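Q: One letter stands for each residue in the lines below.
There are 2 protein chains.
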Amino acid sequence: MMQIPMLLSSFITRAETHFPHKKIVSRTSPDIIHRLTYADFADRTRRLANVLDGLGVERGMKVGSFAWNHHRHLELYFAVPSVGAVLHMINIRLSPEHIIHIVNHAEDEVLFVDDNLFSIIEPLIPELKTVRHIVIMSDDSVIPNANFESMHDYETVLANASSEYEFPTDIDENSAAGMCYTSATTGMPKGVVYSHRGLYLHSFASGLVDSFGISERDVVMPVVPMFHVNAWGLPFTSVLFGSSQVLPGPNFTPELLIDLIESEGVTFTAGVPTVWLSVLKEQEEKPRDLSSLDRVFVGGSASPRGLIKAYQDLGVKYISIYGMTETSPVVSVSRYTSEVENYSEEEKIDLRATQGIPIPGVQTKIVNEHGHVPWDGETMGELMLRGPWITDEYYKDARSEEAFEDGWLRTGDIAVYTKEGYIKIMDRVGDLIKSGGEWISSVDLENALMSLEGVYEAAVVAVPHPKWQERPIASVVLKDGYEANEETKQRLYDGLRERFASWWMPDEILFMDELPKTSVGKFLKAELRKIVFDQVGMKQ
Amino acid sequence: MMQIPMLLSSFITRAETHFPHKKIVSRTSPDIIHRLTYADFADRTRRLANVLDGLGVERGMKVGSFAWNHHRHLELYFAVPSVGAVLHMINIRLSPEHIIHIVNHAEDEVLFVDDNLFSIIEPLIPELKTVRHIVIMSDDSVIPNANFESMHDYETVLANASSEYEFPTDIDENSAAGMCYTSATTGMPKGVVYSHRGLYLHSFASGLVDSFGISERDVVMPVVPMFHVNAWGLPFTSVLFGSSQVLPGPNFTPELLIDLIESEGVTFTAGVPTVWLSVLKEQEEKPRDLSSLDRVFVGGSASPRGLIKAYQDLGVKYISIYGMTETSPVVSVSRYTSEVENYSEEEKIDLRATQGIPIPGVQTKIVNEHGHVPWDGETMGELMLRGPWITDEYYKDARSEEAFEDGWLRTGDIAVYTKEGYIKIMDRVGDLIKSGGEWISSVDLENALMSLEGVYEAAVVAVPHPKWQERPIASVVLKDGYEANEETKQRLYDGLRERFASWWMPDEILFMDELPKTSVGKFLKAELRKIVFDQVGMKQ
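Those protein sequence lines, which keep their order, are chains A and B.
Under this note's numbering, the first residue of the first sequence carries the number 16, and numbering increases by one thereafter.
Under this note's numbering, the first residue of the second sequence carries the number 16, and numbering increases by one thereafter.
By construction, these hints were calculated from the structure, which means they are not laboratory data.
Some clues are possibly wrong.
One copy or two, it doesn't matter: identical chains are merged, so the pair holds either way.
In silico DSS-like links for lysine-lysine, alpha-carbon gap of 30 Å or less [said to hold, decoys possible]: (1) K38 x K380; (2) K545 x K332; (3) K324 x K532; (4) K434 x K532; (5) K380 x K144; (6) K434 x K38; (7) K545 x K363; (8) K545 x K38; (9) K38 x K363; (10) K411 x K301.
Nothing here was measured: the structure is a model prediction, and the numbers come from that model.
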């Protein structure tokens with residue numbers, strides 16, 4: 016057979032050759048919506064490739080993006096890997112400390128930043144050791160006044176570049192195409208590097224009928240951010256299949272998402288449960304025509320049954336998926352198998368809430384100290400993964416060692432197989448808090464609190480939250496001589512704010528005389544949770 | 016990302032892990048139907064792997080199969096490549112001379128032969144220079160009396176083998192998994208070698224929504240033979256996705272196929288147009304419940320519009336595909352794109368009759384002496400192909416040289432792009448008729464004739480002409496109940512005149528009882544030309 020490397024540039028060629036007139040709808044600010052064709056996209060991506068060459072971007076070099084979901088970010092998704100460089104998508108919600116760390120750790124040499132996000136990056140510039148150029152992405156081509164030598168405007172450099180560019184075909188398919196850092200449970204974020212081969216195969220596998228089932232006829236709106244885990248691969252998959260794309264841009268509201276579904280005829284969308292909760296609320300208050308919408312894929316945290324049912328009642332398939340930063344990300348999808356097609360509606364909704372069946376290409380196993388767990392819906396074990404789009408290491412990180420076992424990735428998730436073979440996540444191996452689809456590490460918060468003046472001990476547990484799924488509550492024992500009052504509380508919040516993003520802030524800081532512990536001095540979190548629930552007036 | 020080779024054995028693991036109870040229905044003789052699960056299939060395939068080891072089959076060695084579509088053939092499809100050897104599927108319809116040639120050319124060391132086909136192989140045994148063992152596949156475990164030392168019975172050796180077998184994972188994904196010889200129209204058949212990588216990717220790509228769209232929920236019946244071009248990859252794809260399979264076995268009739276569709280709830284089937292013509296005839300005579308059948312994929316030769324329409328009227332999608340032995344085989348599929356969804360039914364049927372849009376992973380171009388042809392439905396050129404499941408040579412064959420150009424496979428097919436970008440095959444390079452400096456497409460004339468009332472089959476060939484260089488002659492087989500007379504002939508001419516310019520009119524319409532065809536049902540034009548020359552009184 017012909018030796019043809021699996022490169023992302025081949026997706027551009029396919030879209031421009033076979034679907035030149037298909038649409039990309041891109042919202043870049045509250046009142047600006049761009050409409051491009053795949054022919055435009057290919058032209059602009061080739062210009063961008065020339066721009067990258069002009070900025071001295073070489074093979075293997077890291078190029079950072081700090082941006083919302085829009086067409087310029089899509090162009091970066093393709094131009095950067097297609098010239099042989101690596102797109103480092105930076106999570107805009109990380110703390111300043113973490114952003115500085117990952118830009119330096121990845122050694123980003125060029126940063127592409129949305130104008131409306133530049134205020135986050137600007138104060139960090141003196142700390143970014145490897146960045147040589149910053150390119151601002153905006154609609155007005157105004158370069159902000161900042162104390163940095165090489166600032167460029169995206170549209171100006173594109174306009175000045177040639178649209179002739181032959182994407183190289185001698186790139187090794189195993190070489191890096193992209194990278195993303197996890198919101199780590201402890202310590203600094205860990206980097207994951209995606210290869211051309213992995214993303215190519217992920218695009219084919221996640222598009223299959225029993226996965227996302229994406230067709231050229233679909234209009235795909237990724238609500239999941241392009242600044243994290245490849246936006247679940249949807250930008251790649253959509254270009255490969257020639258599907259129309261709707262990119263909702265910055266600070267979107269539920270109302271805006273519904274607007275776009277209605278006006279653009281969106282058939283497919285994807286995001287975390289909190290988004291779909293708020294969209295549902297909006298739709299219930301002001302019903303609109305969502306008849307084009309066929310299916311919503313949901314991941315990041317578990318979906319409540321009521322939410323799934325509400326969407327099914329609207330005629331929209333609400334399908335859970337499972338994945339991680341480490342897995343490109345799609346691992347499994349809660350599609351109905353032939354076995355369950357005749358189940359009752361209630362039983363079917365239960366299965367929609369599970370993490371589903373692994374998609375072709377991924378191997379899964381759930382193991383505990385007795386070996387593989389049976390399909391009984393009860394026996395728990397740790398979920399382990401293997402596959403061509405599963406990472407085999409963290410980028411230049413000693414923590415890689417504990418994350419793998421015999422060539423399998425340890426997910427740190429405790430799961431069961433239902434009797435139909437669906438994966439169902441039960442818990443974290445550790446004690447993570449899932450808020451709005453993102454992880455909050457209780458251990459990180461505890462360590463930070465305990466480093467503040469006057470704090471003797473601190474423990475953080477999750478309480479359920481109707482919108483964010485879970486929110487952290489901190490319990491603090493003060494040292495002698497410190498007063499448990501509002502002033503102290505605000506001082507502790509101030510201390511946390513210096514280290515963490517605002518959404519990491521505990522909803523409450525409770526002062527206690529002591530914390531329940533095991534005989535060897537570890538926090539008894541189950542016990543603490545009861546006390547906390549009591550104090551905040553919840554039933555467990 | 017993890018370095019995991021793309022091996023066919025991973026499909027077995029997936030099916031037995033996630034879909035152990037799914038069904039394989041296998042007809043091995045007129046009155047025997049086997050029912051196995053994927054758990055049974057995996058167990059038997061492991062036993063077969065041990066049998067191959069026992070017969071001294073080593074990596075890279077060729078193992079021939081001479082068999083119909085049934086579960087034992089399916090086990091060979093997986094066990095042989097999974098131990099690192101190469102399955103040479105031998106077309107049972109080849110001439111004895113060609114069979115001898117390809118077995119010797121491939122250097123097959125073991126042959127697996129259906130008991131009901133052994134009478135074809137037996138007289139050839141003295142000529143087969145490399146074959147060391149013959150394994151007979153039958154239901155009664157009787158080994159025929161033949162003058163050959165090492166004869167075995169399939170079920171006996173399987174029963175005696177262990178079901179424990181760890182498929183090796185250190186096989187290079189680029190190594191050979193299977194091979195097949197083209198039914199060449201001139202000279203000896205040419206061999207094509209399929210790699211694990213090619214077949215793995217072909218399985219993912221051909222299963223996509225805009226290709227075959229195969230789901231676990233499908234019940235797949237490949238009517239296209241497993242002794243040719245991987246049965247269009249369907250055995251691999253079905254195992255990968257965990258779809259149920261119905262394998263119709265030897266000498267099936269239209270009635271049997273309808274029986275199986277009805278009783279097994281077949282949703283998906285595939286084969287050449289002549290099969291679907293005869294199934295339609297049967298269904299029209301004795302209507303049955305075909306409501307489970309969702310779609311029929313058809314290739315090998317062009318389908319008449321009337322046939323497509325008749326299936327659509329039955330509620331079955333009738334979708335053309337294009338492929339060759341050289342291409343694993345799926346290249347393009349005539350699915351409707353979003354652009355044509357609002358076309359009239361008549362326009363849509365026209366597109367169903369084309370070869371469609373290339374599936375993801377394949378690159379196509381149509382070129383003539385002026386370069387790439389425009390999307391105008393008129394400008395003809397040769398179709399050229401590139402992709403990871405397109406061959407880059409013929410096996411040990413000097414004819415490889417003329418078949419490729421700058422890394423592209425020359426298909427030898429003359430095609431146009433419709434204005435929607437669908438590939439439409441107009442003719443073979445050699446079959447295009449050059450009349451008075453203009454091209455006449457024999458395929459266009461054939462399709463038009465076959466859409467006229469009373470026409471069962473039609474083929475058009477060129478005869479030399481002193482003034483016009485070449486002129487078309489049509490050969491027509493009428494349906495039962497239609498008379499081969501002057502009146503009919505005039506009616507056919509009238510029908511053609513409505514669609515074509517006068518200079519496209521065949522100089523003669525000959526009525527025949529049957530048309531010469533290749534082993535896979537394509538018109539044998541060289542043969543037909545001789546017959547036509549005979550009838551019109553010419554010498555070739």
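Q: Determine for every hint whether it applies to the structure shown.
A: Okay, the hints, checked on the actual structure:
no., hint, verdict
1, K38 x K380, "between (40 Å within a copy, 23 Å between copies)"
2, K545 x K332, "neither (37 Å within a copy, 59 Å between copies)"
3, K324 x K532, "within (25 Å within a copy, 57 Å between copies)"
4, K434 x K532, "neither (32 Å within a copy, 52 Å between copies)"
5, K380 x K144, "neither (42 Å within a copy, 47 Å between copies)"
6, K434 x K38, "between (43 Å within a copy, 18 Å between copies)"
7, K545 x K363, "neither (33 Å within a copy, 64 Å between copies)"
8, K545 x K38, "neither (48 Å within a copy, 50 Å between copies)"
9, K38 x K363, "between (35 Å within a copy, 23 Å between copies)"
10, K411 x K301, "neither (50 Å within a copy, 70 Å between copies)"
In summary, the structure is inconsistent with hints 2, 4, 5, 7, 8 and 10 from the numbered list given earlier, while agreeing with the others.
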